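**Q** Okay, here's what each chain looks like letter by letter:
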Amino acid sequence: MSAINLCPRNPMSSQAFAASQDLLPITQASFPEPFAQSLEFNAPVRGPWNIVHMALQIPEAHLLYICARGCLRGVIMTAAEMGAMARLSWIGLTEEELTCGLLDDRCFEAICHIVEKLSPRPPLILLYLSCVHKFVQMDYPALLARLNERFPGLRFLDCHMMPTMRKSGPTDEERTKSKMYEAIERPAKQEERAITLVGNDWPLCEQSQLFQMLHGAGYTLRELARCRSYADYQKLGTSRLLLTTHADALFAAQNLSTRLEREHIHLPASFSLTEIQSNLTTLSQILGIPLPDLSAQKAAALNELCALQNSLGKRPITIDYTLSMRPLSLARLLIEQNFCVTHVFLDAIAAPEEDDFRWLQQHAKDLLLVYTRAPAWRFAEQRATCLKPQGDEVLALGQKAAFFSGTNHFVNCVAGGGLYDYAAITTLVRLMREALEKPKDRRRVIQYKGLGLPSCLSGQLCHPRLAKTKAAKNAATHASVSTTKGFA
Amino acid sequence: MNDCASLLPTYASDTSGVASALYELGGMTVIHDASGCNSTYSTFDEPRWYDQESLVVISALTESDAVLGNEQKLIDDCLEQARLLKPKFLSLANSPLAMLMGCDMEAIANQIERELGIPCFAIASNGIHSYVAGASQAFVAIANRFARPCQRSEEKSLNLLGLTPLDIGKNELSELLRWSKSFGFRRNACVAQHCDLSHIERLGAAHVNLVLSSTGLPLAKALAERFGTPYVTGRPYGLFAEQLAEALWQAADSGQSSTKTLARGQKPQSLRVALVGESVTMASMARALAPYGYGQSRIFCPLEGWEAILGEKDLGGVENEDTLADFLKDCDLIVGDPLYRLVAPVSCPFLPLPHAAFSGRAYLSVEHSLIQQGLEDVLVREGIC
Numbered sequence: 001m002s003a004i005n006l007c008p009r010n011p012m013s014s015q016a017f018a019a020s021q022d023l024l025p026i027t028q029a030s031f032p033e034p035f036a037q038s039l040e041f042n043a044p045v046r047g048p049w050n051i052v053h054m055a056l057q058i059p060e061a062h063l064l065y066i067c068a069r070g071c072l073r074g075v076i077m078t079a080a081e082m083g084a085m086a087r088l089s090w091i092g093l094t095e096e097e098l099t100c101g102l103l104d105d106r107c108f109e110a111i112c113h114i115v116e117k118l119s120p121r122p123p124l125i126l127l128y129l130s131c132v133h134k135f136v137q138m139d140y141p142a143l144l145a146r147l148n149e150r151f152p153g154l155r156f157l158d159c160h161m162m163p164t165m166r167k168s169g170p171t172d173e174e175r176t177k178s179k180m181y182e183a184i185e186r187p188a189k190q191e192e193r194a195i196t197l198v199g200n201d202w203p204l205c206e207q208s209q210l211f212q213m214l215h216g217a218g219y220t221l222r223e224l225a226r227c228r229s230y231a232d233y234q235k236l237g238t239s240r241l242l243l244t245t246h247a248d249a250l251f252a253a254q255n256l257s258t259r260l261e262r263e264h265i266h267l268p269a270s271f272s273l274t275e276i277q278s279n280l281t282t283l284s285q286i287l288g289i290p291l292p293d294l295s296a297q298k299a300a301a302l303n304e305l306c307a308l309q310n311s312l313g314k315r316p317i318t319i320d321y322t323l324s325m326r327p328l329s330l331a332r333l334l335i336e337q338n339f340c341v342t343h344v345f346l347d348a349i350a351a352p353e354e355d356d357f358r359w360l361q362q363h364a365k366d367l368l369l370v371y372t373r374a375p376a377w378r379f380a381e382q383r384a385t386c387l388k389p390q391g392d393e394v395l396a397l398g399q400k401a402a403f404f405s406g407t408n409h410f411v412n413c414v415a416g417g418g419l420y421d422y423a424a425i426t427t428l429v430r431l432m433r434e435a436l437e438k439p440k441d442r443r444r445v446i447q448y449k450g451l452g453l454p455s456c457l458s459g460q461l462c463h464p465r466l467a468k469t470k471a472a473k474n475a476a477t478h479a480s481v482s483t484t485k486g487f488a
Numbered sequence: 001m002n003d004c005a006s007l008l009p010t011y012a013s014d015t016s017g018v019a020s021a022l023y024e025l026g027g028m029t030v031i032h033d034a035s036g037c038n039s040t041y042s043t044f045d046e047p048r049w050y051d052q053e054s055l056v057v058i059s060a061l062t063e064s065d066a067v068l069g070n071e072q073k074l075i076d077d078c079l080e081q082a083r084l085l086k087p088k089f090l091s092l093a094n095s096p097l098a099m100l101m102g103c104d105m106e107a108i109a110n111q112i113e114r115e116l117g118i119p120c121f122a123i124a125s126n127g128i129h130s131y132v133a134g135a136s137q138a139f140v141a142i143a144n145r146f147a148r149p150c151q152r153s154e155e156k157s158l159n160l161l162g163l164t165p166l167d168i169g170k171n172e173l174s175e176l177l178r179w180s181k182s183f184g185f186r187r188n189a190c191v192a193q194h195c196d197l198s199h200i201e202r203l204g205a206a207h208v209n210l211v212l213s214s215t216g217l218p219l220a221k222a223l224a225e226r227f228g229t230p231y232v233t234g235r236p237y238g239l240f241a242e243q244l245a246e247a248l249w250q251a252a253d254s255g256q257s258s259t260k261t262l263a264r265g266q267k268p269q270s271l272r273v274a275l276v277g278e279s280v281t282m283a284s285m286a287r288a289l290a291p292y293g294y295g296q297s298r299i300f301c302p303l304e305g306w307e308a309i310l311g312e313k314d315l316g317g318v319e320n321e322d323t324l325a326d327f328l329k330d331c332d333l334i335v336g337d338p339l340y341r342l343v344a345p346v347s348c349p350f351l352p353l354p355h356a357a358f359s360g361r362a363y364l365s366v367e368h369s370l371i372q373q374g375l376e377d378v379l380v381r382e383g384i385c
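Protein chains in written order, with the working numbering: chain A, 1 to 488; chain B, 1 to 385.
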């Protein structure tokens, strides 16, 4: 890599950098925000899903973004690289529209123009407005009322792309997840032996005890990632119970629970053996289904961990928050099993992680927390100096950990990858073994946007007019996550 | 509404243009934005990201800072990071919300410069315009701050203006550099690739400026005014390269800019070509295709900077895909980024010219070289001649 002149010729030492509070021993970190906010760098790690990837999971739905060009480009190109441009439209705003009181009428006219052209007309349009609309106090309800009058029978959802609010209230991802369930109609009848898992990007791993228990008791598990049609999507509302496993789906589930008057339980994904047992016990009690003897699964998970630890020894491990929403829970499990976890890359500590954070402060005093947005990390020399160990010696869990640790030995998985309970541990151990044995082309792999989804960069894709293969047409028609293994 | 689409993407924005233009010059570009601008830029609009380091960051604007007009945080954060990372200059770029907040970025830049002691300037971007607007302003701003009067050598020299990867692919850049050496000029500066601040300082030493994209035109005009350097506009595609070289020599000798190199006549009864994209690129292509029988050309330019380039039959500044679809009817050849196939008549031959500012990184691996003989090779390969 050729460095331009400005690259710090004398990169800061770890100690000096720690003084800038972007690299902290966990003992010095505070909960829930260990790092001061300043200018932000963006690491080139594209596997985690954004609001386009998430919303495109609703079969047959169409996305319409209205914003300035600078904000539109990212979402449009996300869809373009997926070969899903036929499912996304956009309207670019001008200064005149934003500043001369023309916004409401112009937006309405442009939306109508786009919708008239859509053929076949989708059953649902997710209408994304942005922070500029909010800032100029656009009347969303009035816009929706006009659209509903103009297009009776077509459902519009007012969605939001408001990154200004990502640190105050629900994030864009949480809002999107909530909106994604808002078009589910209240069904005439509810299915007693069906459960809807809300808000997960990935389908629940079928090897998990959770899946096995539900399946064994005759329950149907419904989740968006398994929907293949709009009718399937509507059936998500028929289940008698809503279940969440990730904290970022709570907002969605609570809203859906209130609207459909459904019971909701939260069984947080975790790497704690105690919490796993507790979650499954809770499930059995609530559903009145038998709790199987889980001691074999627990022992198998521990044996797998122990065997891996024996072969790894003191080989350093780094973890980031994109692999799992519980990076500290994972760090705790591995440290409890004598693995050598050196760094956890995260920007804030989520509420469910507080206990793990406190435990690690007491028992893993050498563990370092790293703020991934610090501008100094732009420089390879800075990363190499401050984030030792570096290179293929390190086993990284997650794309960001791989980038910051400069290793090609990494587990390529985002947002939990659908893994849950003891199966999460055994699968993770398998993936760690595979990562150790077979290095990946880090630079290439982490650049694909939306891990598990079609991408023109990986030779999948494309729009039927651009690549006339059957596979491309399928990818363009229904860009959804594979229900098989999505981690690569 | 002017700009809406259900099939095509939009071009890179002015904030990406600013970052791209200044990328290699050793400064720090701060986009006053909540999130997204930097991710979009580094993912889709910056192919140099991995191979060449540069500082492009966002201010991480929050709702409360936006509503309360808290600009002090931006100032404090810029000071803190600049002291830590020691860039040679700071450039500030506005996002849409920062524009609506009425941020006085020039005043903020002045304050930062006073406290920091290094040049700091604001670019009047707002995330609404295209990369052409952002990059053009950034080129002028950096030259205003760093270019110095200097003596011209006896040996004729030229500057290449308007170079960013958004417009010019890696292979094309190599070809351009090779071509510029081949007809007797010494290269003084390439603004701004393969370039550092010392090149910007000596911009006034060149005898002539060659404008390779519309992002370089305002800088060419500014240099003409400040140093009296004439300019010529165009890219050396196919046989047009010879005419361009001749125009450069004439301009260097006479000191007069040539504004007519890209002017096109129309030959009735000849083949019709419709070209879509950045105006200098497409006007150069139109000139280069004329010897192959495409004597009637029309250009559709959805970007800024087209006024001085396009003719009466062309259409500039419109990004509406319905208008474009109408424009592309009834022609014998369409030239443009491969994604424009989505609105082109299926039966019409299409010459794909990937444009990173439009299709991002999707076609970076299939870039053509059109300089001099390269054009004919491409036309043969694509079955067009």
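Don't take every hint at face value.
Chain B regions said to be covered by chain A (calculated; three or more residues, Cβ under 8 Å) [claimed, not checked]:
# : region
1 : 10-17
2 : 24-35
3 : 72-82
4 : 169-181
5 : 244-256
6 : 293-307
In silico negatives: residues of chain B with every beta carbon more than 12 Å from chain A [stated by the list, open to error]:
#  : residue
7  : 5
8  : 44
9  : 66
10 : 130
11 : 202
12 : 221
13 : 224
14 : 226
15 : 329
16 : 339
Simulated from the structure, these hints should not be mistaken for laboratory data. Remember, it's a predicted structure, so these values are computed and weren't measured experimentally. Even for Gly, the Cβ is constructed at its ideal location relative to N, Cα and C.
**Q** Evaluate each hint against the coordinates.
**A** Results of checking the hints against the structure:
Note: the region 10-17 of chain B has 7 residues with beta-carbon separation from chain A under 8 Å; the three-residue rule is met and the coverage holds. Note: the region 24-35 of chain B has 9 residues with beta-carbon separation from chain A under 8 Å; the three-residue rule is met and the coverage holds. Only residues whose C-beta sits within less than 8 Å of a C-beta in chain A count toward coverage, and the region 72-82 of chain B has 4 of them, enough to reach three; the restraint holds. Residue count for the region 169-181 of chain B with a Cβ under 8 Å from a Cβ of chain A: 0. That is fewer than the three needed, and the coverage hint is violated.
Residues of the region 244-256 of chain B lying with their CB closer than 8 Å to a CB of chain A number 0, which falls below the three-residue condition for coverage. Look at the region 293-307 of chain B against chain A: 0 of its residues bring a Cβ nearer than 8 Å to a Cβ of that chain, fewer than three, so the hint is violated. Against chain A, the non-interface label of residue 5/B is violated: not every CB pair exceeds 12 Å, the least being about 6 Å. With a minimum CB-CB distance of about 5 Å to chain A, residue 44/B fails to clear the 12 Å threshold, and the non-interface call is violated.
Against the 12 Å criterion, residue 66/B falls within the reach of chain A, whose nearest CB is about 6 Å from its own CB. With a least CB separation of 7 Å from chain A, residue 130/B falls inside the 12 Å interface cut-off, contrary to its annotation. Residue-level check passed: residue 202/B sits 16 Å from the nearest beta carbon of chain A, beyond 12 Å. Every beta carbon of chain A lies more than 12 Å from that of residue 221/B, the smallest distance being close to 24 Å; the non-interface claim holds.
Residue 224/B, annotated as away from the interface, keeps every beta carbon of chain A farther than 12 Å; the closest lies near 29 Å. Every Cβ of chain A is farther than 12 Å from the Cβ of residue 226/B; the closest lies at roughly 25 Å, confirming the non-interface assignment. Its beta-carbon lying about 16 Å from the closest one in chain A, residue 329/B satisfies the requirement of being farther than 12 Å from that chain. The Cβ of residue 339/B does not lie farther than 12 Å from every Cβ of chain A; its closest approach is about 7 Å, which violates its non-interface assignment.
This entry does not satisfy hints 4, 5, 6, 7, 8, 9, 10 and 16, going by the numbered hints stated previously.
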